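Student: Chain by chain, the residues:
There are 2 protein chains.
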Amino acid sequence: MANEVVLLDLKLSPFAARVRIALEEKGIEYKSQVEDLSNKSSTLLKMNPVHQKIPVLIHNGRPICESMVIVQYIDEAWSHKHSLLPSDPYRRAHARFWADYIDKKMYPTGRNLWASEGELKESSKKDLIQCFKILEEELGDKLYFGDESFGYIDLALISFHSFFYTFETLGNWSMVAEFPKLVEWGERCLQKESVSKSLSDQKEVYEVVLQIFKPKLGIE
Amino acid sequence: MANEVVLLDLKLSPFAARVRIALEEKGIEYKSQVEDLSNKSSTLLKMNPVHQKIPVLIHNGRPICESMVIVQYIDEAWSHKHSLLPSDPYRRAHARFWADYIDKKMYPTGRNLWASEGELKESSKKDLIQCFKILEEELGDKLYFGDESFGYIDLALISFHSFFYTFETLGNWSMVAEFPKLVEWGERCLQKESVSKSLSDQKEVYEVVLQIFKPKLGIE
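Residue numbers (full-length UniProt numbering), protein chains in the order written: chain F, 1 to 220; chain S, 1 to 220.
FYI, nobody ran anything at the bench for these hints, they're computed from the structure. Among the hints, a few may not be true.
Stated by the list, open to error - Over 10 Å on every C-beta distance to chain S, these chain F residues come out as not near it, computed from the model:
1) LYS31
2) LEU182
3) GLU184
What the hints assert, rightly or not - Lysine-lysine pairs mimicking DSSO-like chemistry, simulated, CA-CA at most 30 Å apart:
4) S:LYS104 with F:LYS125
5) S:LYS121 with S:LYS81
6) F:LYS126 with S:LYS105
7) F:LYS104 with S:LYS104
8) S:LYS125 with S:LYS214
9) S:LYS81 with F:LYS105
10) S:LYS142 with F:LYS105
11) S:LYS105 with F:LYS53
12) S:LYS81 with F:LYS121
13) F:LYS40 with S:LYS105
14) F:LYS104 with F:LYS40
15) F:LYS181 with S:LYS53
16) F:LYS26 with F:LYS192
For clarity, every value in this text was computed on a predicted model and none was experimentally measured. Virtual Cβ for every residue (Gly too), placed ideally from N, Cα, C.
Whenever a hint applies, use it, and build me the whole structure from the sequences.
Tutor: See the structure below:
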């Protein structure tokens with residue numbers, strides 16, 4: 001069977017970045033179809049009627065939605081290539097636990113740094129710093145979260161690397177001073193072509209966030 | 001290796017119920033260790049330091065946290081027994097998508113029927129009804145969400161069956177009138193011993209919710 005792989009995509013989305021990295025890691029050729037979220041395509045609405053969000057992976061006409069569901073699908077459907085999830089059930093559970101933690105904490109909390117005000121903004125800043133602390137501790141002295149090689153947890157978290165500068169600037173802390181191991185880990189991941197070609201520039205992300213949320217941020 | 005399986009448990013928790021059902025489905029003997037959430041045990045704090053929540057499955061001394069991560073672990077660690085997830089990658093992704101949908105929508109939205117007031121309560125009621133509509137449509141005329149037999153999606157959703165009466169009573173709608181297929185599906189699932197012995201009585205859940213949230217609900 002021919003493998004026709006289409007990704008309903010958006011350059012700056014960390015969730016789409018996860019899928020791009022997984023596809024690159026597996027060496028899968030695909031067509032990126034960039035969506036305009038202010039005018040969603042009929043393909044997007046048909047392929048993801050429940051959430052109407054990107055990313056959607058369309059594999060031989062069949063849609064798969066939600067970034068980490070897609071990553072697991074890619075890992076299982078192209079299982080002859082090296083695996084993103086480890087094979088041992090306990091280590092798999094460990095990887096899924098941390099990917100779930102990143103999903104639940106990083107974006108919802110981080111987004112409040114620019115999309116909310118007052119108390120919620122302040123409490124989100126504290127929560128996000130706490131989240132980075134927990135991740136810095138979990139990483140410890142390992143090269144990657146999964147240990148010796150880039151894997152499932154790394155993929156889940158590195159997708160937010162493009163937002164680290166925005167987080168530290170709007171939150172008024174220094175990633176390199178507070179979380180030096182995570183910064184080193186990020187640089188290590190970026191040496192991989194699958195990662196570097198899938199992520200957006202940190203300053204570009206910051207400029208876009210500023211542009212969209214300028215009134216809320218009180219920045220001229 | 002001996003299999004020592006301990007579940008840090010709570011009777012009324014739908015998340016703990018998922019784990020109980022999975023353990024029963026696999027025929028795994030385990031010890032239920034009921035937690036008092038107002039006075040968390042040192043075991044819970046040690047085994048789940050990140051979230052400090054139940055359920056936690058402790059398998060030969062090693063903890064696994066987060067209900068659907070635990071269910072997948074059980075499915076993989078006891079893989080010689082019948083599988084909860086299908087084997088085909090696309091069907092696995094489909095199952096994970098719907099379990100994720102249930103996780104993101106059902107409890108956070110449902111809880112607002114008794115734990116919030118005003119606009120948030122009203123919008124949550126609408127969201128929860130929409131969630132049930134989408135699930136009723138996804139079930140369609142199938143016996144189970146996975147098709148012919150009880151599986152991963154069924155397990156993710158049936159754990160909330162104990163809350164259906166509370167939802168419809170506080171939200172002022174009739175499950176049987178609005179979502180007859182889901183009601184029939186629930187009764188079908190309850191015929192399985194793994195399910196019936198793991199779930200709490202619907203009226204008991206309602207009484208507990210009333211007791212805790214009486215002032216907020218404006219009920220004397």
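Student: Each hint should be assessed against the structure and marked as holding or not.
Tutor: Tested hints:
no.: 1; hint: LYS31; result: holds, 19 Å
no.: 2; hint: LEU182; result: holds, 16 Å
no.: 3; hint: GLU184; result: holds, 22 Å
no.: 4; hint: S:LYS104 with F:LYS125; result: holds, 23 Å
no.: 5; hint: S:LYS121 with S:LYS81; result: violated, 43 Å
no.: 6; hint: F:LYS126 with S:LYS105; result: holds, 26 Å
no.: 7; hint: F:LYS104 with S:LYS104; result: holds, 10 Å
no.: 8; hint: S:LYS125 with S:LYS214; result: holds, 18 Å
no.: 9; hint: S:LYS81 with F:LYS105; result: violated, 34 Å
no.: 10; hint: S:LYS142 with F:LYS105; result: violated, 36 Å
no.: 11; hint: S:LYS105 with F:LYS53; result: holds, 15 Å
no.: 12; hint: S:LYS81 with F:LYS121; result: violated, 48 Å
no.: 13; hint: F:LYS40 with S:LYS105; result: holds, 23 Å
no.: 14; hint: F:LYS104 with F:LYS40; result: holds, 25 Å
no.: 15; hint: F:LYS181 with S:LYS53; result: holds, 28 Å
no.: 16; hint: F:LYS26 with F:LYS192; result: holds, 13 Å
Going through the hint list in order, the structure does not satisfy hints 5, 9, 10, 12.
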